[in-house]
Each structure stands twice: as structure tokens, then as C-alpha cells.
Amino acid sequence: MGAAVIDRYVTDLGSRLRGSRKQVRDLLTETRDSLTDATEAHVGSGLTEQEAQQRAVEEFGPVREIANEYQAELAVAYGTRTLIWLAIVLPLMHMAWEYGRMLLIGPWQDFGSVPPAWYLFIAKANDLTSGIASGVALVALVLGRVLARKYDTRLVAKAGAAIALTAVGAVLLGNLSIILATAHLDVARLLQSSPMTVATAITWVVIVRLGLLARRCLSCATIVA
Amino acid sequence: MKPDALRGHLDALLLATLDGRQLHGYAIIEALQEGSGGALDLPTGTVYPALRRLERAGHVTSDWSTVGGRKRRTYELTQAGRRALQAERSAWREFTTVIDGVLGGGGRWAQQ
Numbered sequence: 006m007g008a009a010v011i012d013r014y015v016t017d018l019g020s021r022l023r024g025s026r027k028q029v030r031d032l033l034t035e036t037r038d039s040l041t042d043a044t045e046a047h048v049g050s051g052l053t054e055q056e057a058q059q060r061a062v063e064e065f066g067p068v069r070e071i072a073n074e075y076q077a078e079l080a081v082a083y084g085t086r087t088l089i090w091l092a093i094v095l096p097l098m099h100m101a102w103e104y105g106r107m108l109l110i111g112p113w114q115d116f117g118s119v120p121p122a123w124y125l126f127i128a129k130a131n132d133l134t135s136g137i138a139s140g141v142a143l144v145a146l147v148l149g150r151v152l153a154r155k156y157d158t159r160l161v162a163k164a165g166a167a168i169a170l171t172a173v174g175a176v177l178l179g180n181l182s183i184i185l186a187t188a189h190l191d192v193a194r195l196l197q198s199s200p201m202t203v204a205t206a207i208t209w210v211v212i213v214r215l216g217l218l219a220r221r222c223l224s225c226a227t228i229v230a
Numbered sequence: 003m004k005p006d007a008l009r010g011h012l013d014a015l016l017l018a019t020l021d022g023r024q025l026h027g028y029a030i031i032e033a034l035q036e037g038s039g040g041a042l043d044l045p046t047g048t049v050y051p052a053l054r055r056l057e058r059a060g061h062v063t064s065d066w067s068t069v070g071g072r073k074r075r076t077y078e079l080t081q082a083g084r085r086a087l088q089a090e091r092s093a094w095r096e097f098t099t100v101i102d103g104v105l106g107g108g109g110r111w112a113q114q
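In the order they appear, the protein sequences are chains A and B. For the numbering used here, count along the first sequence from 1 and bump the result up by 5. For the numbering used here, count along the second sequence from 1 and bump the result up by 2.
Okay, chain A solo, but in the shape it has when bound (with noise of 0.2 Å):
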């Protein structure tokens, strides 16, 4: 019979959850552990394997609400994880960008005439949208810490995934602003630098990238095991 009904338990729990493959692998294997040693508590008392193991899955619990309770912690981690790919990449990425932009292209000033005013606004609110996603990523990683006991496990990651598809979708919408602005105040300019168009092409697969993994975030974060 070997471990039958503990291999069909475990393999019924992994096929409901989602996120991490690590962090999933070693709630599965910490399931595994525990199940070996309640069998191996109850075949001591005096039960066979095959009832000690149908003892041990009883007393885990119902596969479904242990599902649902993994679920919510592996939702969580994926946002963690998320967050802090978010507080790192976007500033460093727009830095990288602008620097580029300097050293190739130089300032919009030199656009031949001033950008008018609402373009200039667009550029900065670009330049802030980063670093603000950024530092909002920041916070919610703090706070993710600092109030982990105090709510529901399901509300915090369904509020993580909602900031880092916010910042996200910020970050996504300020690029696109200022590409379109460019576009409508000359349009050239925009393939001027071989190089600055690899980065932007670069910069967008990184955007896309990072909200792929916020979507993840959300849906790690919805589903019902």
C-alpha cells in the first residue's frame, strides 16, 4: 500500500495551489514531513499503515480549507516578491534610460524651440512616476511586515497585488505619455538614437515583464483552491 493515501493528499493540495514554485515545493514537502511522522505517531499507538495514514490526512485537515489557507500565504510571498522586484527595478531602470537619453540625444530643451509647457509637464511627471511607484512599493513591503498578524492573510495579498499593478500600470502610462507627446511634437525624434531605441524596447519588454508577475500577484491572490 505504501504511502498511498498520503501521496494522493499531497498531490491533491499542489494541484490547487499557485505561486512560487520554490515556496510551493517546500510547503509540499513540510506536508509530506508531517503526514510521515502522524502515521508514524499512530502506527506506534497501534493503527495499520492504511489506518494510520487515513488518521494522519484527517487530522491535517480538509484539502480544500488547507488549500485555501496555503493559498493565501503563497499569494502574499508573490506579492513580497513582486514588490521588491518593483522598488528595485523602476528606478534603476529610468535611471538607466535617462542617462542614456543625456548622454545621447541631451536635453528636451534642445528640441530647437522650448517644448511647450504641457510636454514639460508630462516629462516630469514621467521622471516622478518612478521613483513614486518605487517608494510606494517600499511602504507596502513595510507595512506588509509591520501588520502581517493583524489582518486577514487574503486581504493582504489582494492589497499587494493591487499596488503593484497600480505602479505598475503608473509607470506603464507615463511611458506611454511621453512617447505619444514626443510623437505629436516631433516624431522623429523618437528614432533618432539606434541605441535609445533599443533601450526604450528594452525599457517596455521590463514594463510588460514586471506587469505579467503584478497579474500573477492578483490572481495568486483570487484564486479559491
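Hint data in this document are derived by calculation from the structure and do not stem from the laboratory. Where hints are given, some of them may not hold.
[Stated by the list, open to error] Sample of chain A residues facing chain B (criterion: CB under 7 Å; computed from the structure):
no., residue
1, GLU35
2, ASP38
3, ASP42
4, GLU64
5, GLU74
6, ALA153
7, ARG154
Built from N, CA and C at the ideal position, the CB exists for glycine as well.
Based on these hints, arrange chain B on the given structure of chain A.
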């Protein structure tokens, strides 16, 4: 004891169980059941997410180590966890004193 009644106290119970020692998950469950004389009737699977929550709060740290020839995740209290346990104990004493003052009165008003 009913699982719902325990859930709100699970964090404190886990902190108390880990006080001054390093234990793996099943050893924590055994210690909880032993400490309560078998009265703690909680699905044992709920202990693991609770341990993760405590780790997230910085009250517990965990590490994989080999115990009894098997690789296991073991948990111990951090400095912040010890402070949180102290706070939980004070809050619990205060709570029981207040409640006992009313509930434990043995129906003295009825006797008056």
C-alpha cells in the same frame, strides 16, 4: 476545544510553544497537543500557514536542517518574537482577570 475558538489564539500558542527551543512543524503540533492535554482540536495543517505568517511578521525564523535523518524545516523565535510573546502573555492575563471577575463570580449576584 472548538477550532474556531482557537484560531484567534493560534499565533500566541505557537509563539509560546517555540519559547526557548527550536522545533520542526510536527514537533510543534505534538507540543501543542501535549501542552493542552489533547484538548486542542485544530486541523494540524493550519499550523503551517500560521508559522509562515509569524515568519513574515519577523517573529519566527526558519531553516532547513537534518533532524532524525530527514531534512526538515525548523522554527525558532526571533528577538521580536520573544517580545511579541511577552505582549501576548500580558494581554491574556489582563483578559482572563477581567473575564474571570465577571464569569468566575459563581453567581454571587443571584445569591445576594
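Status of each hint after checking the structure:
Hint status for A:GLU35 relative to chain B: holds, with the closest Cβ pair at about 5 Å, below 7 Å. Look at A:ASP38: its Cβ gets to within about 6 Å of chain B, closer than 7 Å, so that hint holds up. Of the supplied interface hints, the one on A:ASP42 holds, with its beta-carbon coming within about 4 Å of a beta-carbon of chain B, less than 7 Å. For A:GLU64, the suggested interface contact is upheld, since its CB lies about 5 Å from the closest CB of chain B, less than 7 Å.
Of the supplied interface hints, the one on A:GLU74 holds, with its beta-carbon coming within about 4 Å of a beta-carbon of chain B, less than 7 Å. Because the smallest distance between the Cβ of A:ALA153 and any Cβ of chain B comes to about 4 Å, under 7 Å, the interface hint for this residue holds. Because the smallest distance between the Cβ of A:ARG154 and any Cβ of chain B comes to about 5 Å, under 7 Å, the interface hint for this residue holds.
Comparing the model with each earlier hint shows no violations; every hint is respected.
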